[in-house]
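J.: Since chain E is already given, all that's left is putting chain P on it; use the hints.
Those protein sequences? They're chains E and P, same order as listed. Each residue of the first sequence is one higher than the one before, counting from 1 in our numbering. Each residue of the second sequence is one higher than the one before, counting from 1001 in our numbering.
Hints in this document: simulated from the structure, not taken from any laboratory. Don't take every hint at face value.
[Unchecked claim] Under 7 angstroms between C-beta atoms, here's a sample of chain P residues computed to sit facing chain E:
1) Lys1030
2) Arg1034
3) Pro1041
4) Phe1051
5) Arg1057
6) Ser1059
7) Gly1063
8) Thr1163
9) Ile1212
10) Thr1216
11) Ser1220
12) Ala1221
All C-beta atoms, glycine included, are put in the ideal place defined by N, C-alpha and C.
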Amino acid sequence: MPEDKEIVTPVPPAERPEWVKDERTLTNSGLPEEERDWFCDARPRRAEKSWRVVENFMNWARAHSLWILAFGTGCGAIELRPLVTARYDISRLGMQMRPTPRQASVFLIGGYVSLKTLKRIVRSYEQMQGPKFVVAVCSCAINGGMYWDSYNTIKRIDEYIPVDVYVTGCMPRPEAVLAGFNLLKKLIREGKAEGQNLYADKFDWFKANQKQVITDWNMPDYNW
Amino acid sequence: MNIASKLIWAFISLGVVTVWGLTLGGIVYKIFARVQGRLGPPVWQPFIDIFKNNSKRTSISHGIMYYLGPVFRIAGGIGTYMFIPVLFGSAHFSNFSMSGDLLLVMYFIFFGQLGMALGAGEGGHPYSAIGVSRGLAQMTAFEVPFALSVISLAMQYKTLNITDIVAAQQGGFLNWTLFTNPLAVAAAMIAMLGMNMHNPFSIVIAPQEIPIGPPTEYQSAFLGLLATNRGIFNGAKLVLFMNLYFGGATNLAALVAKTFCIYMFSVFVGAAFPRFRAEDSIRFFLKVPTLVGIAAVLLWTL
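The following block holds chain E by itself, in its conformation from the complex (with noise of 0.2 angstroms):
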């Protein structure tokens, strides 16, 4: 996503939303009273790069060592096993599953997205350390696809988490899969795929929108 997009803020800057403390803080009121001591209730913050040299090399370091999170978030997900057996094998790229959002720097989401399928990865995603990446494959990420007019399936998942490349197609080959990944690798080397600061930037309009369509949060504002 180009940096300079602009994002319009749906709720009005004088009236502050119901998860926002204050400018460091989050309320976690989606959660019961007694369990909000248990999570962390900062924000998200910018992570500033290093020295030109250092971040380059890092950079490099990042793009050579892609580890996957092993998510399959719709049907496009069949499209990562191929890539992983013998036939494509990711792994001269670098790449790896991880069984863990933790440990994870790519987060691949399949195809479309429910509700319900949203607020994992909203979790999952915010779980994830610094720098991640998203890698939309299939068109029911990027429009809605088939999708387009359903009650219970969101239509661009870049309204809800900053996305770095897409994949069209219904459904991509692994090919086209691994063109992306390839893109990734270009944009990471290139000092580009800077979502994670975008979404410490508009961390708000991210929220807002997550919010507007998960109905049940039950979760942290901010999941570290």
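T.: Below, chain P without anything else, positioned relative to chain E:
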């Protein structure tokens, strides 16, 4: 050699074993990939992964013990290595082997696991707890044949000093423990299968059941530290086995060749066999390998 230069050489040898241990890890990835008909990652992939993990911009902590878990783990790895002589007869690559014996090294092998257990426990993830309990149970089980093998060795060589054990094996390969005490070597090599945690003893990190065991909550630099320790610890264990059972090494080329061959034993077994369940793995160690270990001890008693 004074203590300062000894310290410097010990850290140089630590660097050597870290690089070799991580490279071996990369070779193992490659071998497993080739067995599965894939190309696999480049052999230097473990280094890139460590750089990547250490260059993460955020990391979270669950408390003091969580912080100390990887620290204990790497202290266990470095501690194990520091009391093992790396090259026989070399003043520079003997580490601090004169200050501690085999029992201390065996203690250090256990120490890191215990620290990691406490740290992973504080992470609060249920899979961590399951992984830790499996890991400690399996470790207790494979320590039995390994300890019996070491007792047999102590009776054979009348010492627990590793340098003396290596010295006793010099003068031709027929003097290696492998040929003078094959039962002890058999028990220890089976115990090593459990130590290296490849199949069929990969119940600890069991990727399909309890992703991925103890380090589930560890990320960023914590994970970088754990991955670095994996290189050190693997290297240290291989050097220890080489010293105890395969005549030690007098130069770095011999060290590389011998440790590679020792490691490939567990890698080939791992590539060929599926995984044991937790209870089967523990039962396995307490049956045949333990009996072989007891036989090795009895042989030197009679």
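J.: Taking the hints in turn, state whether each one holds.
T.: Consistency of the hints with the structure:
1. Lys1030: violated (10 angstroms)
2. Arg1034: Given a least distance of 10 angstroms, the restraint on arginine 1034 of chain P is violated.
3. Pro1041: holds (5 angstroms)
4. Phe1051: Holds: closest Cβ of chain E sits about 4 angstroms from phenylalanine 1051 of chain P, inside 7 angstroms.
5. Arg1057: This interface hint holds because 4 angstroms falls under the 7 angstroms limit.
6. Ser1059: holds (6 angstroms)
7. Gly1063: violated (13 angstroms)
8. Thr1163: Not OK, violated: threonine 1163 of chain P not within 7 angstroms of chain E, min 40 angstroms.
9. Ile1212: holds (6 angstroms)
10. Thr1216: It holds, given that the least Cβ distance between threonine 1216 of chain P and chain E is near 5 angstroms, below 7 angstroms.
11. Ser1220: holds (5 angstroms)
12. Ala1221: Nearest chain E Cβ about 10 angstroms off; hint violated.
Violated hints, listed in ascending order, are 1, 2, 7, 8, 12; each of the other numbered hints is respected by the structure.
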